[in-house]
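Peer 1: Residues per chain, in single letters:
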Amino acid sequence: MGNKEKPIQNIKQFKAGEYPDSRGHFGVYGGRYVGETLMPALLELDEAYNKIVPDPGFQDEFKRLLRNYAGRPTPLFYAKRLSEHVGGAFIYLKREDLVHTGAHKINNTLGQALLARRMGKKKLIAETGAGQHGVATATVAALFGMECRVFMGTEDIQRQSANVQRMKLLGAEVIPVTSGTMTLKDAMNEAMRFWVGAVRDTFYVIGSVAGPHPYPVMVREFQKVIGNETREQILKRTGGLPNMLIACVGGGSNAMGLFLAFMNDPLEMVGVEAAGKGIETGKHAVTLGEGSVGVLHGSKSYVLQDENGQIQEAHSISAGLDYPGVGPEHSLLKDLNRVRYVSIDDEQAMEAFHALCVLEGIIPALESSHAVAYAMLEAKRRPINEIIVVNLSGRGDKDLGIVSAYN
Amino acid sequence: MGNKEKPIQNIKQFKAGEYPDSRGHFGVYGGRYVGETLMPALLELDEAYNKIVPDPGFQDEFKRLLRNYAGRPTPLFYAKRLSEHVGGAFIYLKREDLVHTGAHKINNTLGQALLARRMGKKKLIAETGAGQHGVATATVAALFGMECRVFMGTEDIQRQSANVQRMKLLGAEVIPVTSGTMTLKDAMNEAMRFWVGAVRDTFYVIGSVAGPHPYPVMVREFQKVIGNETREQILKRTGGLPNMLIACVGGGSNAMGLFLAFMNDPLEMVGVEAAGKGIETGKHAVTLGEGSVGVLHGSKSYVLQDENGQIQEAHSISAGLDYPGVGPEHSLLKDLNRVRYVSIDDEQAMEAFHALCVLEGIIPALESSHAVAYAMLEAKRRPINEIIVVNLSGRGDKDLGIVSAYN
Amino acid sequence: MNRIDKTFEDLRQKKEKALVGFLSAGDPNISESLNIITAMCKSGLDILELGVSFSDPTADGPVIQRSSSRALQSGVNLAVVLEMTRKLRMETHIPIILFSYYNPIHSYGVESFYRDAMEAGADGILVVDLPPEESDEMTSCWAGNDFALIRLIAPTTPLDRMAHIAKTASGFLYLVSKTGVTGSDGLDTGDINDKIESLRSVTKLPICVGFGISTVEDVAAIASVADGVVIGSAFERIIEENLDNPDLALILANKVHEFKKATKSQ
Amino acid sequence: MNRIDKTFEDLRQKKEKALVGFLSAGDPNISESLNIITAMCKSGLDILELGVSFSDPTADGPVIQRSSSRALQSGVNLAVVLEMTRKLRMETHIPIILFSYYNPIHSYGVESFYRDAMEAGADGILVVDLPPEESDEMTSCWAGNDFALIRLIAPTTPLDRMAHIAKTASGFLYLVSKTGVTGSDGLDTGDINDKIESLRSVTKLPICVGFGISTVEDVAAIASVADGVVIGSAFERIIEENLDNPDLALILANKVHEFKKATKSQ
Ligand SMILES: Cc1ncc(COP(=O)(O)O)c(C=O)c1O
Ligand SMILES: Cc1ncc(COP(=O)(O)O)c(C=O)c1O
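Chains as they are written, first to last, in the numbering used here: chain A, 27 to 433; chain B, 27 to 433; chain C, 48 to 313; chain D, 48 to 313.
Bound-form chain A, shown alone (with noise of 0.2 Å):
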């Protein structure tokens, strides 16, 4: 039957900061989609977010672990060799995998964190796929003192065994998750599940743009800082705006913090999606290609399901990406034409991991890898002087496992 909502076509004139709406809709997306017990929290939640993180002495000390713990901000770094070798435009890598815990996750759980504490919550749960957000809420508990719970799927905990060990050592409880297909989706199910009954002294860190109202929203203003870096080191590298803005999108939240700055310039941005084994194999992640509308761990955006509304497995060699839902404010932009949307297989994705590591000494995180993968096809087809720039989400330690298994 599957319900595909006609999408708001060729909105030429989008404004950055103009959705969502106060509660949370991105054009038809977004929202709050979850059961009563959630909803006074989320409520309490929207309206501290609203409160504390405009106030000067949150953002000072916000930007002041950013710098000073975080490592911000992070180098752009023109890929020299690999642009080279492609032969087309120059690409320029936001190197968020230099931050400390190894991805850009750590903004977001340090701005949560940062609230979570002046709201007087001391118990932190997150979910977590690649294990990358699960270390960066690990992180940030032990920094603050904070208990913290990570729902991690039982597929990932192997195939990422080294994020739980670093999660363990932080700290924090590591709580598999046997359920369905035992990976993202899954453990935010039972994060979702663990905070209804724990809802009233505990506080959800969300790891993408993903879910309820007020999580897309406030997760893009933690992570906005990649982007307004970025705009700032471009121009004042090269003096001008770059020609394309490329990040990996699994719930896309390095894409919105890259993405958001530029919004209003006109260039291109290219979001890109997992195809996993393929897409005609059926085994991929493609939510915003090949997806349609549904609601999925408390918001409306494109998701995988089938004809009955059943949400479908997703397949990626990146756990990261491995999701098959996708933050509400892609959908829109989606919708809008403003961001294209496009997807990387596996073998694409490790081939240009390799490339990475052999030509730039970087060895890139598999999620960012489909990042690389996509740039390398982009810049071949364009003109020397064009310039993109690609979000390097996360370093490659946490995929070395895999990458080995991978023949």
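Source of the hints: derived by calculation from the structure; they are not laboratory data.
Fair warning: this is a prediction, and the values are worked out from it, not measured in the lab.
Where is the CB? At the ideal position from N, CA and C, for every residue including glycine.
No false leads were slipped in.
Listed next, the in silico DSBU-like pairs over lysine-lysine satisfying Cα-Cα at most 30 Å (straight line):
#: 1; chain 1: D; residue 1: Lys-61; chain 2: D; residue 2: Lys-134
#: 2; chain 1: B; residue 1: Lys-250; chain 2: A; residue 2: Lys-106
#: 3; chain 1: A; residue 1: Lys-89; chain 2: A; residue 2: Lys-149
#: 4; chain 1: B; residue 1: Lys-89; chain 2: A; residue 2: Lys-262
#: 5; chain 1: B; residue 1: Lys-106; chain 2: A; residue 2: Lys-148
One side only, chain D facing chain B, incomplete, derived with CB under 8 Å:
#: 6; residue: Ser-102
#: 7; residue: Ala-106
#: 8; residue: His-153
#: 9; residue: Leu-177
#: 10; residue: Leu-199
#: 11; residue: Ala-201
#: 12; residue: Thr-203
#: 13; residue: Thr-226
Distance windows between CB atoms, simulated:
#: 14; chain 1: A; residue 1: Gly-308; chain 2: C; residue 2: Cys-188; range: 31 to 41 Å
#: 15; chain 1: C; residue 1: Lys-214; chain 2: A; residue 2: Tyr-432; range: 53 to 63 Å
#: 16; chain 1: C; residue 1: Cys-188; chain 2: A; residue 2: Leu-267; range: 40 to 50 Å
#: 17; chain 1: B; residue 1: Glu-87; chain 2: A; residue 2: Glu-258; range: 19 to 29 Å
#: 18; chain 1: A; residue 1: Lys-149; chain 2: B; residue 2: Thr-264; range: 33 to 43 Å
For chain A, the structure is supplied; the task is to place chains B, C and D with the ligands on it using the hints.
Peer 2: Positioned in the frame of chain A, the structure of chains B, C and D with the ligands alone reads:
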């Protein structure tokens, strides 16, 4: 028989930059103790180093790479919870764990590889213990499109397997060294042997302030950015100098990198060696504290040796400190009483490792954990208005296996 | 008067409370599910909550998660549940409330759903993850008052919000007895009295209490203060423990009988 | 005239070249080592290089590394090597050059070393890792010219440096035939002629060539251009292959004999 040369006592006025002399002598230490085959290469290197490195073009490129590629400056982070837990002086951490590849080693390999390139050498070799220097060398080799061979003891290949995989991914050949103790010392032997045979077109990237002149002064030069940044940061943040600097000492490069900028300042400096299973067990790496003057790997310095001048096996849970030699400048600084050298055993290091994990959300390298452990001891006995700066030389991702195996 | 209102009216007159039973439609399979539910409806169940299973039941505990899996495995989807409703409607006159997450309905199409559910004989709908803030998109096509929108009140819901929710609800209010997912063990009746009192101060709708109710004693305790008692996981657990038992329908019918008695005992 | 100068003088008169043999003192054990070396000295060896083993022989290939290990295992140290020298001196009149890395000497003490080595009957020293730039610290206590400082000339050594090195050397110059560690296989004689010629242009000292020489043909080829041929790994390899062979000393003596013939053959 054990030749203990008379130490130079109590030279009060130590001038930074006064050492080494033009032939690489730090007092009686340092020099060039190598076979004739290598001498011309060392003389060529010395000349190139003196000509190329001070060149503004070189400095510009080096600084640009440190910033845009390695991610410098690294933050100086006030470890509030650790300090409060200890209950004494303020402990600040210089976050070398945040640079690309995860340890200070990259500062040096970038410098040496740039120099190699300007000298027209296209092949790099390196020895490695913890694997960090090997990874850092493989990294710059990839970045500059050079060939790279890394020598590593099979014992270290075992305990630092993730770093072995990283080097391979980066395109380097990892050459297992099965001679002797199969650790860093033997890797360095083997690298020197290989270099003897390939000296005409191969640049040997030594990973610490050890080896024959000009390596100790050159590596110090490339690492001094750590202290330069730290000095500026602490002055800006606190308006004054710290009371104490602490760094772990394997070969001694992260320590020299931190100390140099403060050499003429009125403050204490402490180098922390690895006491392994305890000095009394003989299974340690306390070269300065327990060794005697000798010649190893091309320079004169303190070494762990028996009464016949045979080098002894070092022991430490941290592969990067597991070395029976030490950079010659440290020997001089010890004799001059300018730096105090102490030691921390495996167990103390492991405790500090866990403390930093759960109190600050930072997983330190086991090497760096030695410095943290000593800082905790010192901070406790110092008044709360004092400041201790610890060089957090690297991150602990590489050590997860060792930590989980340690009971 | 619609079936729900009439049921509560009848019970009030008999001085009984409503026994509301939740079952995942199609668990353990479609035909057996029809047998079981029919038997239960005929053994004293006052209101049926017929669960439309969803792949990602984030508000449910392990028992209903497993029950949903079995149901999905047996081929259930919203169309099948509506077909089952149609068949049950021929066997029983008690109100049938569909109980669903929003995505299956959204996927089916809200207008088609309204039309087909009414046509099948369903009396209302409870959508677990569709709070009042979002529910317009489902109800804006509804006409008249014949199809009830059952709403949840949680232990975390403050008074002003209770009033707001009650205003847009119909049929009855479902008061969640615990902060937690379905089936969370143990019941704390102390708190519930206060909650019911608060809720009564803002609504005239009947109040049914559910989540974690599993013993006859629980039922009796809740029945003494609420207008109805909702049982879900306790039934599902019996199904799970008797998957190969040919007497499953009978066992459940007896259980319903037992619980029903406890709703009359004051 | 000291023993080294006299040896080269005698050979020159006989129109022979020097056969220089390197052995790690104490390999495979101290007494067997004495047997072997004595036998070799009596079978035609012109000069003995007696290796003082070091734990970290960075200029040596695998064969001499293993030989050093065996020697260290058998309890060798510099004092023991000096004692062996004393014993060998009673058996042979050929020059004995001690061959060492610097650390054992440094550890022994440079003054004690000079005194004890002279006293034991050694004729000179070659310190692998002590270039002219650093060697003052060892030689500044030396008196007279009776103790030779043998120096290495490498394939990488430029002409002006050759001259400089030659100036501070005595006894003979050891020309390394390969850029590589000891025992590196294969010998490229082409280059060596040029090197010898260059070297002769800056020194009058005899020139012995070593590293990687293992066959009679190699010996003959080198002997035709140099004043001496140094063999090390080739002997050590024989020891290694005959560790349990009671005829080891005899085999090596025969080998010396064979090589020695090749130094006369032009
Ligand atoms: C390195 C990295 N990049 C990207 C992602 C995908 O998340 P998002 O799309 O929210 O950036 C993840 C998720 O774990 C990640 O670890
Ligand atoms: C993180 C880290 N710290 C310290 C060291 C010790 O080296 P150095 O004393 O030269 O800084 C190493 C060596 O591998 C290392 O990896």
